[in-house]
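Let chain Y serve as the given structure and place chain F on it in line with the hints.
Here's the letter readout for the chains.
Protein chains: 2
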Amino acid sequence: MRYELYYWPGIQGRGELVRLALEAGGAEYVDVARLPPRQGGGMRALTRVLAAHAAGERPPFALPALRAGRRLIGQTANILAYLGPRLGLVPRAEADRLWVHQLQLTLADFIAETHDTHHPVALSLYYEDQRAEALRRALDFRSHRLGKFLGYFEGVLARAGHGWVVGRRPSYADLSLFQVIAGLRYAFPHAMADCAGRTRRLAELHDRVCALPRVRAYLASPRRLPFSEADIWRRYPELDG
Amino acid sequence: MRYELYYWPGIQGRGELVRLALEAGGAEYVDVARLPPRQGGGMRALTRVLAAHAAGERPPFALPALRAGRRLIGQTANILAYLGPRLGLVPRAEADRLWVHQLQLTLADFIAETHDTHHPVALSLYYEDQRAEALRRALDFRSHRLGKFLGYFEGVLARAGHGWVVGRRPSYADLSLFQVIAGLRYAFPHAMADCAGRTRRLAELHDRVCALPRVRAYLASPRRLPFSEADIWRRYPELDG
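Which chain is which? The protein sequence lines are Y and F, in order. Quick note: the first sequence uses our numbering, first residue 1, plus one each step. Quick note: the second sequence uses our numbering, first residue 1, plus one each step.
The set of hints was computed from the structure by calculation and includes no laboratory data. This one's a predicted model, so the numbers in the text were calculated from it and none came from an experiment. Ideal Cβ placement from N, Cα and C applies to all residues, glycine included. A portion of the hints provided could be inaccurate.
Unchecked claim - Simulated crosslink set (SDA-like; lysine to any residue; CA at most 25 Å straight-line):
id, chain 1, residue 1, chain 2, residue 2
1, Y, K148, Y, R136
2, Y, K148, F, R86
3, F, K148, Y, A191
4, F, K148, Y, L157
5, Y, K148, F, P59
To be verified - Distance ranges between label pairs, derived from CB positions:
id, chain 1, residue 1, chain 2, residue 2, range
6, Y, P189, F, P9, 38 to 44 Å
7, Y, R38, F, D240, 47 to 53 Å
8, Y, R208, F, P85, 45 to 51 Å
9, Y, S221, F, A93, 32 to 38 Å
10, Y, L139, F, G155, 36 to 42 Å
What the hints assert, rightly or not - Computed, partial: chain F to chain Y, Cβ under 8 Å:
id, residue
11, I73
12, G74
13, Y82
14, R86
15, G151
16, Y152
So that you can see chain Y by itself, here it is in the shape it has in the complex:
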């Protein structure tokens, strides 16, 4: 199966969780909006396909979306639940699959709260137009939410016992957890340094994912976009305390 990923070409965003799964799983895929226009890619290809699907039977509400054969699948965690068994990124037992999905949905909540530190009022406004609110929200995030989420996932790894969230192999939730840690280190270097003593297993998981041969090759390639201030994880020093 040759997959097609539909996502904004300039950012990691939520699409990065799908990219990491496709890369770590060794899937054949095209990142449509990042292809040159002469190869059928670019923003025009993205908007053309989305417009066609908006008129079709089952359009996604937002990106990322993954085309697999004739299907176009939306919602990041749903895409990963689809890819997981196909790419060997989830165990076979139903109980394990539910658990990995539960962790993925908790990561989705964590990511949404992280995003809202710089956009607490409106997606439709610039950061600069909601900076006062962002300062309050980021203070609460650093004080109450960051440690709570990190502590939860540190505990998950401690109980699982083999360096991954379930079993002895990486799942798509491990890949997403890597991305969340990398993003938080970029956006909140001080707050993350303060947590370092209580998040050793998360740091080890981050390094373990980086060392997976396919992930290492991906991260060193031009396919991996850099973090930026147009993305979910933004480095605004005033929000890092």
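Showing chain F alone in chain Y's frame:
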């Protein structure tokens, strides 16, 4: 299977999406925190079980959680993905199940954005302590997000063609969509009245779910809690424009 629902006893909240599925699916279940203490219920039972699970292998990050045999399953959409096939609330084909789950995750995003209209800064603060920010956020929600989400689901129903989001029978996403519409009508009566002309199919779906015999019996029972200002959907007239 006798299920146990773990959720805060005084509110509908996200637990209501699970309650509606259990009720509509005719499941045998106990709403643990709402049982009298002499029957093993109440808040003490809730916190005792959560503390035991926090020390266990796979604790949920937050409520609701559903006990099914020896498992405790967390994350609302994940619980519904588990219950759906068991309660006849999702079609058999994988493509249909992915689609229903995709819609459920989009409803989860809609619910989170609705909640944040009155809590844009911090869960840990009262509404009154973030009222200025809430006024800005609610204005953006009414102006940009409410119509976008409602229009999306109206389109889903239009294309599906049989009054449900998929096929000719109600799925768990239909039940959640009913709850979202009911909640929004409670919280934003003016904004919802302004949308009425463009959301006829959603209004019909709301009434169709209400008319399901098990749902009708549930809504008329004391098991159905009222909407309130301690919940996700709150009626603060100043946020309704």
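Exercise. Can you list which hints this structure breaks, lowest number first?
Worked result: Going through the list in order, the structure violates hints 2, 3, 4, 8, 14 and 15 and respects the others.
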